[in-house]
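Chemist: Here's the letter readout for the chains.
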Amino acid sequence: MKRAQPPKLAERFLSWYCDPELLDEIQGDAHELYFERLENKGKRIADMSYVYDVIRFCRMSNIKHTNENHIPSYLEILWNLNFKIALRNAGRNKWLFSVKMISLSMCLAFALLLSLYVLQEFSYDEHIQDHDRIYKVAIQAEIDGVITKDAESPEALASTLKEEIAEIENAGWYDDEIYNFRHDFEVNEQTFHNEHALTTSADFADILEIKFLSGSSEALNEWYSIVLTESTAIKFFGEEDPIGKSVGFNGYDLNVVGIVEDPPNLSHLEFDALLNWETFDYCECWGGVNAYTYMKLVQGADINEVKQKIDTILDRHKTVIAQNARFIDEKELKVTSILTNIGDIHLENSLIFDNTKKRSLTNLHLLTATAVLFFIAGFVNFLGQSLAELTISLKRIGLLQLFGGGLADHSKTVLANTLLSVLVIFPLTLLFYTTGAHLAKNSMGIMIESDVMESRHFMVILFGFVLFIIFSSSINSFVISRSKDILTIVKGKLNVKQSGFHFREILVGAQLSFSIVMIALIFIVVDQFQFINEADKGLDDKNTLVLKMPYDSFSNTEAMEYSLLQLNGVDKVAGSSIYTDENMWGDVHNIESENGEKSVIIKKGYWGYGFADLLGIRILRGRDFDREIPSDKYQGYLINEAAAKEFGWENPIGKEIDNGHVIGLIKDFSLQSMHKKIKPIVIHHGGKGDYPTGYVFLKLDKIRSSNLLAQIEEVYHEFYPDIQLEWDYLDASLVNLYQQDYQVKDIFKVGLVISVMLSCLAIFSISALLLHLRAKEMSIRKVVGASQLQLFGLHIMKFAKFILMAVFIAWPIAFYLSDYWLNNFAFRIDLNMWYFIIPGLLTLMIVLLTSCFHAMKNSQVNPIEILNQE
Amino acid sequence: MGTKGNHLGEFEELILLAVASLGLEAYGVSVMKYLGEHANRNVNISAIHQGLKRLQSKGLVASHVGGATQERGGRSKRFFQLTDTGKSTLKDIMELKIQLYQRVPDFSINLI
Numbered sequence: 001m002k003r004a005q006p007p008k009l010a011e012r013f014l015s016w017y018c019d020p021e022l023l024d025e026i027q028g029d030a031h032e033l034y035f036e037r038l039e040n041k042g043k044r045i046a047d048m049s050y051v052y053d054v055i056r057f058c059r060m061s062n063i064k065h066t067n068e069n070h071i072p073s074y075l076e077i078l079w080n081l082n083f084k085i086a087l088r089n090a091g092r093n094k095w096l097f098s099v100k101m102i103s104l105s106m107c108l109a110f111a112l113l114l115s116l117y118v119l120q121e122f123s124y125d126e127h128i129q130d131h132d133r134i135y136k137v138a139i140q141a142e143i144d145g146v147i148t149k150d151a152e153s154p155e156a157l158a159s160t161l162k163e164e165i166a167e168i169e170n171a172g173w174y175d176d177e178i179y180n181f182r183h184d185f186e187v188n189e190q191t192f193h194n195e196h197a198l199t200t201s202a203d204f205a206d207i208l209e210i211k212f213l214s215g216s217s218e219a220l221n222e223w224y225s226i227v228l229t230e231s232t233a234i235k236f237f238g239e240e241d242p243i244g245k246s247v248g249f250n251g252y253d254l255n256v257v258g259i260v261e262d263p264p265n266l267s268h269l270e271f272d273a274l275l276n277w278e279t280f281d282y283c284e285c286w287g288g289v290n291a292y293t294y295m296k297l298v299q300g301a302d303i304n305e306v307k308q309k310i311d312t313i314l315d316r317h318k319t320v321i322a323q324n325a326r327f328i329d330e331k332e333l334k335v336t337s338i339l340t341n342i343g344d345i346h347l348e349n350s351l352i353f354d355n356t357k358k359r360s361l362t363n364l365h366l367l368t369a370t371a372v373l374f375f376i377a378g379f380v381n382f383l384g385q386s387l388a389e390l391t392i393s394l395k396r397i398g399l400l401q402l403f404g405g406g407l408a409d410h411s412k413t414v415l416a417n418t419l420l421s422v423l424v425i426f427p428l429t430l431l432f433y434t435t436g437a438h439l440a441k442n443s444m445g446i447m448i449e450s451d452v453m454e455s456r457h458f459m460v461i462l463f464g465f466v467l468f469i470i471f472s473s474s475i476n477s478f479v480i481s482r483s484k485d486i487l488t489i490v491k492g493k494l495n496v497k498q499s500g501f502h503f504r505e506i507l508v509g510a511q512l513s514f515s516i517v518m519i520a521l522i523f524i525v526v527d528q529f530q531f532i533n534e535a536d537k538g539l540d541d542k543n544t545l546v547l548k549m550p551y552d553s554f555s556n557t558e559a560m561e562y563s564l565l566q567l568n569g570v571d572k573v574a575g576s577s578i579y580t581d582e583n584m585w586g587d588v589h590n591i592e593s594e595n596g597e598k599s600v601i602i603k604k605g606y607w608g609y610g611f612a613d614l615l616g617i618r619i620l621r622g623r624d625f626d627r628e629i630p631s632d633k634y635q636g637y638l639i640n641e642a643a644a645k646e647f648g649w650e651n652p653i654g655k656e657i658d659n660g661h662v663i664g665l666i667k668d669f670s671l672q673s674m675h676k677k678i679k680p681i682v683i684h685h686g687g688k689g690d691y692p693t694g695y696v697f698l699k700l701d702k703i704r705s706s707n708l709l710a711q712i713e714e715v716y717h718e719f720y721p722d723i724q725l726e727w728d729y730l731d732a733s734l735v736n737l738y739q740q741d742y743q744v745k746d747i748f749k750v751g752l753v754i755s756v757m758l759s760c761l762a763i764f765s766i767s768a769l770l771l772h773l774r775a776k777e778m779s780i781r782k783v784v785g786a787s788q789l790q791l792f793g794l795h796i797m798k799f800a801k802f803i804l805m806a807v808f809i810a811w812p813i814a815f816y817l818s819d820y821w822l823n824n825f826a827f828r829i830d831l832n833m834w835y836f837i838i839p840g841l842l843t844l845m846i847v848l849l850t851s852c853f854h855a856m857k858n859s860q861v862n863p864i865e866i867l868n869q870e
Numbered sequence: 001m002g003t004k005g006n007h008l009g010e011f012e013e014l015i016l017l018a019v020a021s022l023g024l025e026a027y028g029v030s031v032m033k034y035l036g037e038h039a040n041r042n043v044n045i046s047a048i049h050q051g052l053k054r055l056q057s058k059g060l061v062a063s064h065v066g067g068a069t070q071e072r073g074g075r076s077k078r079f080f081q082l083t084d085t086g087k088s089t090l091k092d093i094m095e096l097k098i099q100l101y102q103r104v105p106d107f108s109i110n111l112i
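As given, the protein sequences belong to chains A and B, one line each in that order. Numbered by my numbering, the letters in the first sequence go through residues 1 to 870 in order. Numbered by my numbering, the letters in the second sequence go through residues 1 to 112 in order.
Chain A with its partners taken away, still in its complex shape (with noise of 0.2 Å):
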């Protein structure tokens, strides 16, 4: 058996460290002392105690020290003179080495900041230990062809998904709309408004792993329970203990049981105090579809295998669920479960009354390419700069060569370079770094975790950083190492095949493509932006103020609705139940057609009289309702383009739907982003069978008095005292539909900025070495008669080869960046060739205007001043 030897890693520090005069005594020492721990305590302590003797050892008195009368060999002087000759090299182009530095530094802090941003979204709810095996439970109802996917599933589902389903470990529910009740809760003769609560039960706390600071989530089955979350129990109560008080909510009186943690930032789902829900009589019965559902599965359960449980226990009650088919053949209707982990719910389309954060996918994963780019562009302006240097350096290089200096040994010289310019960077990274997140976090409303930082994902991306410098770093050497021809190198040029020169193009056009793409991603960007702006949504949204409505049917809202049209100022006004949200329900229609009656699902709204008027929306054919027409109000139904198109109908007008008829054809409107398409909807008059009015709208003067609004909340609390006046103006909220998509541009726009600048640089650096290196030729062509102008042309035309190269590389990449990024909305700009000449030629203008520089020095040469140095 081979006998137990002292750590290997150890043993080598100690040597490397350790006066060779002293080494052997020290380690003899060390070693006695290791096989005799060996043989008493084991090898573990003995190994342990050995590492801790190395490290005790490692003193200045045992380390090895140069000798007073030791000569410095000619590398060493390099190694130590380095730092000092990249400092000077660094002082003498003070203003390139800056703005290099800066430029870079920028580059990879916007990188760094992109992909945590990006993190952060793919990251959500991973704060809860098994997300891995919790699940949201969606239902999908198929009727007649027809699919609806609704957030929401049957209050009974959860408890017996639980029973059923061995694989289950748990399962629960919450509701967000208690009936009608607004979220007003009274505290001390004290109203807030703002606070969003969710009737539950200890099942959903335990799976999402909701943590009590006080008292525990079986509290929450209690009747007339009530759990806050920490900052809101602060908010109600001050510093008074909250536990045992009582809550005023609509009537009824709580108790506060207990006090959870805020939810994460980075969770899909907000709330501010959770409720007992049997206090608020529901039965869990299968046809109340108000319940979002989230179960547990044990582990290693085959979420395939429950899936299909689900479904047939779905499908047993599929009648009930779906009432709204209530008039079709049970044979059409399938109804079946959507099981989302946790993880994606964030990332996960938006189903109907979801009321989730979400994030569109599309905007990520084109930001993750952006992000990479950047790195990439960063790391190739790094070697670019890195290379630049070496060239004009070689001649310096090749007489130390000759000197002696082994080849290995340049990469000392290249490396302190490269150091100097870490150690530049790193800071001035975190520094922009730091300024980055601010300025993100003010005006962008972007906030970045500080969890995010510590995630094992960006530790992978840090590590890849260091790497790439280091590998940036080694290659210039490898580059000079290839070149064995030492006189070449004296003469300050480098073999051409072989040079680093060969490979800078490649960079340099690597560098010009990217900042293409990123041109022209901002132009299709930007143009889509404008598309949607002015796209035509059928409605005039200005100077529309929407007022959010308690429920309350359209026929009681009619009242506040004539007082506020008295209100000067207030030019008309109308109620409906349509809104920026999705929630429109499918419903049954029975329609005439050529083959009798048929029944269809179509999307159904609520309008009261004038509302068509009000936002603008054209009748094509036909009127709206008629106040002075009463058959109007219950048999007459106005349908938009799409319907029409969906239903097969030239002309609607008269065409039968359920007891009535269509009475006009609307123009397509959309109230909604531009991401989706414009659905069929039929509209019916809100009078007819008391729906609840969702909101009512007020179209305003153009000029009117400051204190307008304190007027309308004035009438509005006539009518309902107690509760709170939510209002938006209506094309301030159809432009929050796409907050995410102007993040996504904002990102761009500062993308650009540093895309551009970076290839700026990039050409400089460029046509700098050019300069260098083709003085002489120059000069000896002016000494033959070449002009100016043509010396100049000469210079320009050598770049001319990059951009071709780099429109190549670039037009594939935004080409399909931008397609799948537009592939996300319904309205979409279609892309013409002039969205790549465009940045093609914008790059080439500021090819042109950097080398422009050195080529006016190149052909202002003094041919004697270069000639005469050799």
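Since the hints were made in silico from the structure, they are not lab data. From a predicted model like this one, the values you see are computed outputs, not experimental measurements. Errors might be hidden in some of the hints.
What the hints assert, rightly or not - Estimated spans, in silico, between C-beta atoms of each pair:
#1 A:G42 with B:T85: 15 to 23 Å
#2 A:N341 with B:N44: 48 to 56 Å
#3 B:N44 with A:Q129: 16 to 24 Å
#4 B:K33 with A:L81: 44 to 52 Å
#5 A:G42 with B:H38: 24 to 32 Å
As the list claims (entries may be wrong) - In silico EDC-like pairs for lysine to aspartate or glutamate, Cα to Cα no more than 20 Å straight-line:
#6 B:K33 with A:E39
#7 A:K41 with B:E37
#8 A:K676 with A:D150
#9 B:K53 with A:D541
#10 A:K745 with A:D587
#11 B:K53 with A:D24
#12 B:K53 with A:E21
#13 A:K548 with A:E718
#14 A:K699 with A:D541
#15 A:K676 with A:E641
#16 A:K357 with A:E240
#17 B:K33 with B:E10
#18 A:K645 with A:E718
#19 A:K679 with A:D536
#20 A:K572 with A:D451
#21 B:K33 with A:E641
The beta carbon of each residue, even a glycine, is placed where N, CA and C say it ideally should be.
The hints should help you fit chain B onto chain A, whose structure is shown.
Modeler: Same frame as chain A, now just chain B:
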């Protein structure tokens, strides 16, 4: 040797005593073990080396290299011995201490 070198620290004194009592067998590990056993001082080997080095620079001990053994992987030891100065210094110190100690009233008889 400066004046400062004449003063010995407590730990140096212990090492000096250990070297003196170990005779020909005084080297790093043996001194460490000796102090561990007899003086109840468990210190790291590097501290012993440091102390020995300091004593040598003060001229109290001298060293020579030798005695490679199997368990040391064939590496040699550095043995230490008291020099004449070392011996007289040690003697001076001990005498001084005993002399001072005996001046303590009552105390000395009870304890020794």
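Chemist: All hints, please: hold or fail.
Modeler: Hint by hint, here is what the structure shows:
1. Taking the beta carbon of each, G42 (chain A) and T85 (chain B) are about 44 Å apart, not inside 15 to 23 Å as hinted.
2. With their beta carbons about 54 Å apart, N341 (chain A) and N44 (chain B) fall inside the hinted range of 48 to 56 Å.
3. N44 (chain B) and Q129 (chain A) have their C-beta atoms about 43 Å apart, which leaves the hinted 16 to 24 Å range violated.
4. Hint check: K33 (chain B) to L81 (chain A), Cβ distance near 50 Å, so the stated range 44 to 52 Å holds.
5. Between G42 (chain A) and H38 (chain B) the beta carbons are some 27 Å apart, a value that agrees with the proposed interval 24 to 32 Å.
6. With a CA separation close to 16 Å, the supplied pair K33 (chain B) and E39 (chain A) stays within the 20 Å bound.
7. Between K41 (chain A) and E37 (chain B) the alpha-carbon distance is near 18 Å, which keeps this suggested pair within the 20 Å criterion.
8. At most 20 Å may separate the alpha-carbon atoms for a hinted pair to count; K676 (chain A) and D150 (chain A) meet this at roughly 17 Å.
9. Taken as a hint, the K53 (chain B) and D541 (chain A) pair is broken in the structure, with Cα atoms around 90 Å apart against an allowance of 20 Å.
10. Only pairs whose Cα atoms come within 20 Å are accepted, and K745 (chain A) paired with D587 (chain A) is rejected, the gap being roughly 38 Å.
11. Taken as a hint, the K53 (chain B) and D24 (chain A) pair is honoured in the structure, with Cα atoms around 15 Å apart against an allowance of 20 Å.
12. Of the supplied pair hints, the one linking K53 (chain B) and E21 (chain A) holds, its CA atoms being roughly 13 Å apart against a limit of 20 Å.
13. Distance hint between K548 (chain A) and E718 (chain A) is fulfilled; the C-alpha atoms sit about 15 Å from each other, no more than 20 Å.
14. For the suggested pair K699 (chain A) and D541 (chain A), the alpha carbons sit about 9 Å apart, so the restraint of at most 20 Å is met.
15. Between K676 (chain A) and E641 (chain A) the alpha-carbon distance is near 16 Å, which keeps this suggested pair within the 20 Å criterion.
16. The suggested pairing of K357 (chain A) with E240 (chain A) is violated, with an alpha-carbon distance near 32 Å, which exceeds 20 Å.
17. Taking the CA atoms of K33 (chain B) and E10 (chain B), the gap is near 18 Å; set against the 20 Å cutoff, the hint holds.
18. Of the supplied pair hints, the one linking K645 (chain A) and E718 (chain A) is violated, its CA atoms being roughly 45 Å apart against a limit of 20 Å.
19. This hinted pair checks out: K679 (chain A) and D536 (chain A) have alpha carbons roughly 15 Å apart, not beyond 20 Å.
20. Distance check on the hinted pair: K572 (chain A) and D451 (chain A) sit about 50 Å apart at the alpha-carbon level, beyond 20 Å; violated.
21. For the proposed pair K33 (chain B) and E641 (chain A), the alpha carbon gap of about 99 Å is over 20 Å, so the pair is violated.
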